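Q: The chain contents come next:
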Amino acid sequence: MKIDLNLPLFPTTSVGSFPKPEYLATARAQFYRNEISREALLALEEQATREFILLQERVGLDVLVDGEAERGDMATFFAEKMNGFKISEPVRSYGNRYYKKPRIVSAIEFREPMTKHFFEYAQKLTSKPVKGMLTGPYTMMDWSFNEFYGSREEVVRAFAKVLREEAIELMKAGCKIIQVDEPALSVRSDEIELAAEGLRLVLDGLEMYSITHICYGAFEFLAPKIHLLPVDQIDLEFAGRDFELLEQLRGHEFPQDVGLGVYDVHTHKITPQAKIEEYIAKALTFFRPEQIWVDPDCGLKTRTFEESEKGLAEMVAATKAARLSNK
Amino acid sequence: MTKISTSTVGIFPKIGGDAPSLRANLHKFDRDEIDIAAIETIIQKNIERAVAEQIAAGIDLPTDGLIRWTDLFSPFVKSWQGLTRRGIHRFYDTNTLYGEPVVEGELVFTASHAAADFAIAKEFGAKKATLPGVFTFAAACVDNFYHDAKKLRSVLAANLLLEAQKLVEAGAEIIEIHEPELGWNQIDVAEITAIYSKFGELKTKILVTTYFRNFSQATADSLLAAKVGIGIDFSKPCVIANLATPLLQVGIVDSRETKLESAEVLATRRAEALQKFPAAEIIFATTSHVEYLPHEIALAKIALLQNVKNLK
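Here the protein sequences line up with chains A and B, keeping their order. Numbering follows the numbering used here, with no gaps: position 234 of the first sequence is 234. Heads up: take any position in the second sequence, counting from 1, add 1000, and you land on the numbering used here.
If you're looking for bench data, these hints aren't it; they were derived computationally from the structure. Since the model is a prediction, treat every value here as computed from it, not as a measurement. Glycine included, C-beta positions come from ideal geometry on N, C-alpha and C. Hints are supplied without guarantee of correctness; some may be wrong.
[Said to hold, decoys possible] Footprint (simulated), chain B over chain A, 3 or more residues, beta carbon under 8 Å:
(1) 90-97
(2) 138-152
(3) 184-191
Required output: the full structure, derived from the provided sequences and hints.
A: Take a look at the structure:
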């Protein structure tokens, strides 16, 4: 739903996660060994959230995130807070990175608000809008083992029902921008209608500007159908493949706004301001200026805190220059 | 009389079991807390663990577990000249990612990291080695050098053939070539036959395996013409009607779902496979990479293969 957000041209934001400070990793391990209380862990998660908000304000982003201090994996975090799951032992995602893939063993049900606390906490720390961040029903389905439902469609609908309850919680808490991530869709263009149905079930009629983030997949197959996604903005990774994706989108409908990933977050090299200015200029050969938001390719949790700050600062500087030349 | 055996496919769970944690120690290595000799010892102990766990589950043709591989292409990006890697990309429709290989110059085989690891695993009882398929590798590559898809495939084929020869020298009894691309997309069948005929001449058994989606009849025929064995994913729809191959691998235990197959489901799949494809030798296996499953469930799943083999 289009709502007036009163943002500048090319609003800048980030995709969701920020690098977790060492003290948080240590505290989480201590918590699982029953060495510290839930309250002590929460206090440290809030401390990290304050640091994330300060960083985003320092670099001058327009739309902020809470930084996901309390989250581990983006699917497991939600599964742990819903009914219907067992959490598996870790499986590998890439390199030496693992996640505990959820196993659906009974009906999926809403148990408690999952993201509302940190949304509210972060929003109180800033006058800028903070995004509500959910993992979408299609991705939750695709990244869970299903031992209960008869079909993928049933699983998506079950997740959508629960995630809509969460989206309503966020809206009631004052959230004006909601991001429902669907990275799994990037390699399942044959199921885009199912993903679109899931997003519609979550978002339909809610008075929030809606975003979905998709990354690291076969966009050549997704591009012809991407207009089917019922959101206000589709956030995509462009920089990691040097804007090859723009050519794959060219010639296809793209009525939504675009989240333009201009900062490659899977390398220690910082994408420099000049390169980002070049990327924005390239994007303007396909998108209208008012369609474009500027952000990194993906979450920053794999970067260091210092890298994240430097990378975002380059991004904001490039965006300010682009605003001047597109007045 | 069909000879029946069992095997697993691809990368085995890298963590779990009795060996020192590869995950924790790789992090230590990244932080310079342990040296290269220490991490090498831990990798080799995990190769031993992966082979031992397959043998303990009754697997006849254990793989080397591909413990050092971060994805299907990483050993070759490391060892061949002309290849680098850039960002990450999801491997077909999974949530497991690979580093995109980038062809920056003439691809030159130098040494086989894959064969070196297989030689280690062979000591522990590994029998089946693994290579990426030519078409799957080519589809994953960003080609900044040849700018000609057919030329790239031809060069990849030549290099992978050298890798296969090194695996034969290292004692591989069977080499499984992973070709999900041939199930995913329709490829020129003459080119498939031309490329795999050279592998079919090697002095060991060759399996060209698809997973996630099955070969079309035309693709299966083109592989038969190349005189290589064929691996299919029998948990997915399979349109192949005729398959007069002497060597067939049937992916019968789903390595992408944790739910254990019931005895009835496995018996039905087994009977269908034997009736439909009367090969001289059938290997019952997992459908794809075992590492898609958590370690404990992976062990329970591969143990089912022994039951499949022993069914009458």
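Q: Which numbered hints does this structure break?
A: Hints that this structure does not satisfy do not exist here, as all of them hold.
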